[in-house]
Amino acid sequence: MSSPAIPAETTVAASGQGRTRGSRFDVDRLVDLGFRGQATLVYLFLYLPILVVVIFSFNANSLATIWTGFDMKWYGVALSDPVVHRALQNSFIVAIFTATIATTIGTMAALGLQRVPRGIRVVYDALTYVSIIIPEIVIALATLVFFAQTFDLLNPILSGTGVKLNFGHPTIIAAHVLFNLSLVLLLVRARLSGMDRTQVEASYDLYATPWRTFRQVTLPALLPAIVAGFLLAFTFSFDDYVITSFVSGPGSSTLPLFIFGQIKRGVTPETNAVATMILLFTIGILLFGQLLLAWTARRRGGSGDSMAAIVAQQR
Amino acid sequence: MTTIAETAPAAQEPSEPKEPGRWKGGLLTFLLILPASFWYFVLLLVPLAIVVIFSFGTRAPNGGYAPDFTFKNYIDAIQAPDPFFVSLRLAFLGTLLCVFVGLPFAYFLATRAGNRKGLLILLIVIPFWTSFLIRAYAWLTILGPRFLADWIGSITGIEDFRILGSEAAILVGIVYGYLPLMIFPLFVSLERMDRSLVEASKDLGAGRWATFRQITFPIALPGIITGSILVFIPLMGEYVIPAILGYGRVYLVGNALVTDFLDARNWPGGSAQAVGLILVMFLTITFYMWTLNRGRKTRQMNVL
Numbered sequence: 001m002s003s004p005a006i007p008a009e010t011t012v013a014a015s016g017q018g019r020t021r022g023s024r025f026d027v028d029r030l031v032d033l034g035f036r037g038q039a040t041l042v043y044l045f046l047y048l049p050i051l052v053v054v055i056f057s058f059n060a061n062s063l064a065t066i067w068t069g070f071d072m073k074w075y076g077v078a079l080s081d082p083v084v085h086r087a088l089q090n091s092f093i094v095a096i097f098t099a100t101i102a103t104t105i106g107t108m109a110a111l112g113l114q115r116v117p118r119g120i121r122v123v124y125d126a127l128t129y130v131s132i133i134i135p136e137i138v139i140a141l142a143t144l145v146f147f148a149q150t151f152d153l154l155n156p157i158l159s160g161t162g163v164k165l166n167f168g169h170p171t172i173i174a175a176h177v178l179f180n181l182s183l184v185l186l187l188v189r190a191r192l193s194g195m196d197r198t199q200v201e202a203s204y205d206l207y208a209t210p211w212r213t214f215r216q217v218t219l220p221a222l223l224p225a226i227v228a229g230f231l232l233a234f235t236f237s238f239d240d241y242v243i244t245s246f247v248s249g250p251g252s253s254t255l256p257l258f259i260f261g262q263i264k265r266g267v268t269p270e271t272n273a274v275a276t277m278i279l280l281f282t283i284g285i286l287l288f289g290q291l292l293l294a295w296t297a298r299r300r301g302g303s304g305d306s307m308a309a310i311v312a313q314q315r
Numbered sequence: 001m002t003t004i005a006e007t008a009p010a011a012q013e014p015s016e017p018k019e020p021g022r023w024k025g026g027l028l029t030f031l032l033i034l035p036a037s038f039w040y041f042v043l044l045l046v047p048l049a050i051v052v053i054f055s056f057g058t059r060a061p062n063g064g065y066a067p068d069f070t071f072k073n074y075i076d077a078i079q080a081p082d083p084f085f086v087s088l089r090l091a092f093l094g095t096l097l098c099v100f101v102g103l104p105f106a107y108f109l110a111t112r113a114g115n116r117k118g119l120l121i122l123l124i125v126i127p128f129w130t131s132f133l134i135r136a137y138a139w140l141t142i143l144g145p146r147f148l149a150d151w152i153g154s155i156t157g158i159e160d161f162r163i164l165g166s167e168a169a170i171l172v173g174i175v176y177g178y179l180p181l182m183i184f185p186l187f188v189s190l191e192r193m194d195r196s197l198v199e200a201s202k203d204l205g206a207g208r209w210a211t212f213r214q215i216t217f218p219i220a221l222p223g224i225i226t227g228s229i230l231v232f233i234p235l236m237g238e239y240v241i242p243a244i245l246g247y248g249r250v251y252l253v254g255n256a257l258v259t260d261f262l263d264a265r266n267w268p269g270g271s272a273q274a275v276g277l278i279l280v281m282f283l284t285i286t287f288y289m290w291t292l293n294r295g296r297k298t299r300q301m302n303v304l
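Chain order of the listed sequences is A and B. With the first letter of the first sequence counted as 1, position 153 gets the number 153 in our numbering; the numbers rise by one all the way through. With the first letter of the second sequence counted as 1, position 260 gets the number 260 in our numbering; the numbers rise by one all the way through.
These aren't lab readings, by the way, just hints derived from the structure by calculation. A hint or two may mislead.
Across the chosen pairs, the derived CB separations fall in these ranges [unchecked claim]:
1. B:THR291 / A:VAL122: 49 to 59 Å
2. B:ASP82 / A:VAL122: 58 to 68 Å
3. A:TRP211 / B:ARG294: 42 to 52 Å
4. A:VAL122 / B:PRO61: 39 to 49 Å
5. B:ALA49 / A:LEU165: 38 to 48 Å
It should be emphasised that the depicted structure is a prediction, and the values quoted were computed from it without experimental measurement. Note that beta-carbon positions come from the ideal geometry of N, C-alpha and C, so glycine has one too.
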């Protein structure tokens, strides 16, 4: 290149920069607007389906997709439908038992794991993550086959006693406890590791017994994680479809199974009314749990690492 | 998921109990972990072991399992790989779409959301935690003939334009269901970003694109990788989305498994596919760990 080209290039660069400087305000605004617009679209995308369900639950028409007018009657229909009653009852039984068992044995294990050799902890970590990583559909089918084989094996032996093992609430609860157990373990262990050990030591120095230390120091410190674990286990169990559909038995069909059946037959405003009530109920529980976790995280001074654990757990 | 696998035990180490002997003996410890161990053993390890054993068996004449030792099921699975390819393609496309939608959104959340950040994140989490079944079936209405499909049809002039039952419908469901899993790790890595780097880049005369390519993107990369894993792995085993939005016409591994197990009652065949699916997941995770270990300097591991 010849020498005159060099100044020319610098001028171009300089003027180019000058132009950016001059119009930067406008470009910045435009970019900002773009980001805001995209974010708004994302929220719209996430909430549109929920809105559709809620809106069409008030549809006067019996078709779920054509809006004809506002009517609350479908809530009455849903609330007086014996099939819905039965499903609701089943869902509650399953969710309460699942949450109670998973929270209890999960918390126990989290406490126990504090004082086992490192090797056992590693095994437990592996089990926790394997139970999360393996697709739900594989777990569901494996559990189904396992129960079927076990029942085939045991029922002839038990035939004299009049007991006959079959699919039902116990099988659903047993399968639900597995994935919620991992969730509780993650939550409580995260809380334990963030706990201030000096309080425990102070308690011992003041000659408190181990049981008293547990009751007055450890348990109160863990309580938010335990309650949050319980609430999340309850919702996940209440909402689960895949595993439930494979290990449920006659008469133990839950609300998600009812909804899936409706989807296959064609959604009605009654379905939407049931769905809206489920959404309201679970969002209420989860907001409560989330507030509890946020409060815990603030007191601990950390960010919500337990939240992400919960997020990863879903499905 | 995997990220937690790395961090949880690491976070545990510093707070080892320092009062050995205060709890008398190992009996209490043993009793504490006994029920959970029982559950993991009976309802996780035994069923998985059964699946692995079944995958080498043959189908009994009237369905179910007959003991055998053969690789026939695996050969069959390899010879009919269509569901695997469909799953791979959709999981790949879905992950890519999630990155495209999630990256600008996470950037907005991390750098421009101001003090409403907490609320905005909560608004992402809430739908994610509620029944996916309910939120998914709402798309039947939205994508259905009365709404989007006829509207697009009338604009483009295509008669009977339909979305439901196509792979496009599955992709919508996928992005809808999995987007938050992409947003969270992206948000965390971008929120850590040192803003002065961007300022420095601008002061040195770099344009927006150059700044994005050389500063923002490398910083977001660990988040993109983690998010991709979080999205890709459950996507490979997805079952509900195609069952609802695909009308059974789009056939993923998850749906093939169910057909094999329940309709054809070919337990060994289904087991072999299940084992294949699990292998794909563990390969993906191994690859992910390997990638992360290579670029370990970033502290992304402690993120999720």
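**Prompt:** Does the Cβ pair THR291 of chain B, VAL122 of chain A satisfy 49 to 59 Å?
**Reply:** violated (22 Å)
**Asked** Taking 42 to 52 Å as the hint, is the beta-carbon distance of TRP211 of chain A and ARG294 of chain B inside that range?
**Response** Given a distance of about 49 Å, which is inside 42 to 52 Å, the answer is holds.
**Message:** Range first: 58 to 68 Å. Now tell me if the beta carbons of ASP82 of chain B and VAL122 of chain A are that far apart.
**Reply:** violated (39 Å)
**Consistency of beta-carbon spacing, PRO61 of chain B to VAL122 of chain A, with hint 39 to 49 Å** = The hint (39 to 49 Å, Cβ to Cβ) holds, given that VAL122 of chain A and PRO61 of chain B are roughly 44 Å apart.
**Prompt:** Should the hint that ALA49 of chain B and LEU165 of chain A are 38 to 48 Å apart at their CB atoms be regarded as holding?
**Reply:** Hint violated: Cβ distance 20 Å, outside 38 to 48 Å.
Hint compliance for this structure: hints 1, 2 and 5 are not met, and every other hint is.
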